[in-house]
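Novice: Residue strings, one per chain:
Number of protein chains: 2
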Amino acid sequence: MGNTSYFSLRTAMVSRIGREVELSPVELGSQTAKRVEINLASGSPDPRVMPVKEIKEAYDYVLEEFGPKALFYPGAGGQEVLVKEAWNYADFLGVKRRAGDSLVITSGAQHGIELLSLYFLDGNGKIAVENPTFVETFQPMKLLSSVVFPVSLDSRGIRVDELEFVARLTKLDFVYVIPNCHNPAGVNLAEERKKELVELASKYDFYVIEDDPYRTIACGLGEPIKNYDREGRVIYVSTFSKVLAPGLRVGFFIANEEIAHKVSLMEQMDFSTSTVNQYVVARLLQQRVPQDRRGGLYEHYGRKMRVLMDELRDRGLTDFNEPKCGFFLLLDSHKSSRRVFEEAVKRSVSVVDAKPFFLRGGETMLRLSVAVENEERIKEGVRRLREAVEAA
Amino acid sequence: MGNTSYFSLRTAMVSRIGREVELSPVELGSQTAKRVEINLASGSPDPRVMPVKEIKEAYDYVLEEFGPKALFYPGAGGQEVLVKEAWNYADFLGVKRRAGDSLVITSGAQHGIELLSLYFLDGNGKIAVENPTFVETFQPMKLLSSVVFPVSLDSRGIRVDELEFVARLTKLDFVYVIPNCHNPAGVNLAEERKKELVELASKYDFYVIEDDPYRTIACGLGEPIKNYDREGRVIYVSTFSKVLAPGLRVGFFIANEEIAHKVSLMEQMDFSTSTVNQYVVARLLQQRVPQDRRGGLYEHYGRKMRVLMDELRDRGLTDFNEPKCGFFLLLDSHKSSRRVFEEAVKRSVSVVDAKPFFLRGGETMLRLSVAVENEERIKEGVRRLREAVEAA
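These protein sequences, in sequence, are chains U and R.
Those letters in the first sequence? Residues 36 to 427, by the working numbering.
Those letters in the second sequence? Residues 36 to 427, by the working numbering.
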């Protein structure tokens, strides 16, 4: 039997997703990061500040208190107790609740965005995204849409004037925006642009998917785009991955009731969100763990970001937007990002080649992360990166 | 703001999935089950035999031993340690490993089947399923295919002669089969039909998705269909939901390397399988918890099934196939299944109206489950069901 080769299989019909799906550069970066000394690639939160003890206690509590009930099938839409606590948390984050809004629990923001892509698109939709955008959340949108319009990003976020130009020419299904601590660009969306964006959505009849994972670990941000929305056009997506731990795979989104209802039914297709993990996150919210961590994490990552920026400038790598929050800084290396990536790996430092985050341009861009390394290692990483840029 | 109605929204374009998704009768049954005294509806394993203590200890161990590492992003395809243990477990289950086979960790079997549906189908595929089939796993297939052929099921499983009739007429993408302890029909697929099925797959160039969740809690079964496959045409899907707990959301499938590779990349679209839960299941496998539970669970559910069958016969409800294993028995009530369901709820007992499991017929069929109730309550449930049938 072992001799039979797969070459004997005639070519199967597979879907466009099956044909076109590919390894994301972030996954490549993560895999590379495991083999190098210094990891400036990963978007996983800093293990040193992960609340492992609190999470462990929460599992103990939940399994002791609820037993089998916490281990049944999750059902669609989320556990009642977590939906309630997540609403309180959204309120804490400053997300305004409109009449008719519903909240749906997901297996992290990525899962929420996959479901929303499946809801809006079936291979022939038209969407707009920031240029650059986050390549992982973009993957389901790309694979399920027919036309993607890249809209420029500057230091104040998405260029709404450019978006209007697109919206005037074609009927968009939705616009995907990361308004705060942008991944990979590090920028925040300016307040007046949020208002303009919502006005455009109304005028040209499209939805806005607002992906806002970093609000959970940032302070001093403006309003969510959603707060300007009076028509149920903005879908607010969040996660507990940054403030608690990504390995729990728990997040949520808030949308008008029609979308929320349909997408929660779509969760019957995968039933992927662990019941016990939902109980654990609910418990941690009741104990105010995510709420109490916000300010400290903002400081923690902000400090590391300042070290990164200072070191980059000291080393003559000065072409970047100054991030106000989050993990990421987008550096223009003025060299081929692919070659810099390879030279960096030779020096045992991993960064993410940011070219695939761009639908246009980006050939010299690198995404640097302050998420997992400490200050000393960030400095050393930049020193090696400088050499890599020179060698590239 | 609260006055603005959603009626002001123009009709958005949504995908076929977004339009057509609906509440499954199993979800309806589960929701109903929460409001009644006796639950003969649920497919969740018996809480009385769920290994809550072992699961709790495994979380303690994993978070103590691995800390943040168990809480990072899961990556695509599954944690290495679990992939290794799941292979050993597949071997324990009697699943033969072919050269070129790969194993992919999923968020339960449902998630695996959703991903496989997305891999093979994009709205225009042709598939065949058993009539009846499991309505929940069927949902993604239905929403992503263009033509579904129902193939009759008898007491020896899918009618392979009927399947050949279909395969001769049209090019199928895949056939979806639940070979053991069928949900909802309770039957097992006969050994010679497995061989014939694999021969048909080769002759007519289609894949077979073998959904085999109950093998984990059943003994004395024949070979997996996959063991007859020499060409990599059978995809074997399993889960830890029945033998451990569904709330962990961990399962796996085994396929040829091309399919396994592509589908594991597709997991980048949702990243839904909790990292810590993967470590927990790996730990429980190392401790042989699922392996050691198999025989006892087979006995446990078998005993309850015999009580159900005896009581049904005593009450004159005799029209069913005798299940050899699993949770489910399919009863022909000879009355409208919808009306019997309603009459049963009036008597505070929940069953599942099995009509939606059928693509043809099934108007008088009920799915009864022995999963969660004890023997006394099963008897009482049947007593009330008898009244419901009479009243319907």
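Some hints could be false.
Where chains are identical, the list cannot tell them apart; a pair therefore holds if satisfied intra-copy or between any two copies.
Below, simulated DSS-like cross-link-like pairs (lysine-lysine); rule was C-alpha separation at most 30 Å, straight line [stated by the list, open to error]:
1. K414 - K104
2. K119 - K177
3. K104 - K381
4. K161 - K177
5. K119 - K370
6. K104 - K359
7. K161 - K119
8. K88 - K230
9. K381 - K161
10. K119 - K91
11. K381 - K414
12. K390 - K104
13. K69 - K119
14. K104 - K69
15. K381 - K131
16. K91 - K177
Hints were generated in silico from the structure; no laboratory data involved.
Novice: For each hint, tell me whether it holds in the structure or not.
Specialist: Evaluation of the provided hints:
In this assembly of identical chains, the alpha carbons of K414 and K104 lie at most 30 Å apart only when taken from different copies (24 Å versus 48 Å within one copy). In this assembly of identical chains, the alpha carbons of K119 and K177 never lie at most 30 Å apart, being 33 Å within a copy and 33 Å across copies at closest. Proximity of K104 to K381 under the C-alpha cut-off of 30 Å is restricted to the inter-copy arrangement: shortest distance 25 Å between copies versus 51 Å within a copy. Taking identical chains as interchangeable, the C-alpha atoms of K161 and K177 lie at most 30 Å apart whether they share a chain (10 Å) or sit on different chains (24 Å).
In this homomeric assembly, K119 and K370 never come within 30 Å of each other (Cα to Cα): the closest approach is 50 Å inside a single copy and 41 Å across copies. For the homomeric pair K104 and K359, the shortest alpha-carbon distance between copies (28 Å) is at most 30 Å, but the shortest distance inside one copy (42 Å) is not. For the homomeric pair K161 and K119, neither the shortest alpha-carbon distance inside one copy (34 Å) nor that between copies (42 Å) is at most 30 Å. For a Cα distance limit of 30 Å, the shortest separation of K88 from K230 qualifies neither inside one copy, at 41 Å, nor across copies, at 52 Å.
In the homo-oligomer, the alpha carbons of K381 and K161 never lie at most 30 Å apart, since the shortest distance is 41 Å inside one protomer and 49 Å across protomers. In this homomeric assembly, K119 and K91 come within 30 Å of each other (Cα to Cα) both inside a single copy, at 22 Å, and across copies, at 25 Å. For a Cα distance limit of 30 Å, the shortest separation of K381 from K414 inside one copy, 17 Å, qualifies, whereas the shortest one across copies, 70 Å, does not. In the homo-oligomer, the alpha carbons of K390 and K104 lie at most 30 Å apart only across protomers (29 Å), although the nearest pairing inside one protomer, at 46 Å, exceeds that limit.
Within a single copy, K69 and K119 get their C-alpha atoms only as close as 38 Å, which misses the 30 Å cut-off; across copies the closest is 19 Å, which meets it. For the identical chains of this complex, K104 and K69 are inter-copy neighbours only, at 12 Å across copies versus 37 Å inside a copy, given an alpha-carbon limit of 30 Å. With identical chains, the CA atoms of K381 and K131 are never at most 30 Å apart, being 48 Å at best within one copy and 41 Å at best between copies. In this assembly of identical chains, the alpha carbons of K91 and K177 never lie at most 30 Å apart, being 38 Å within a copy and 40 Å across copies at closest.
Going down the numbered hints, you'll see the structure goes against 2, 5, 7, 8, 9, 15, 16, while the others check out.
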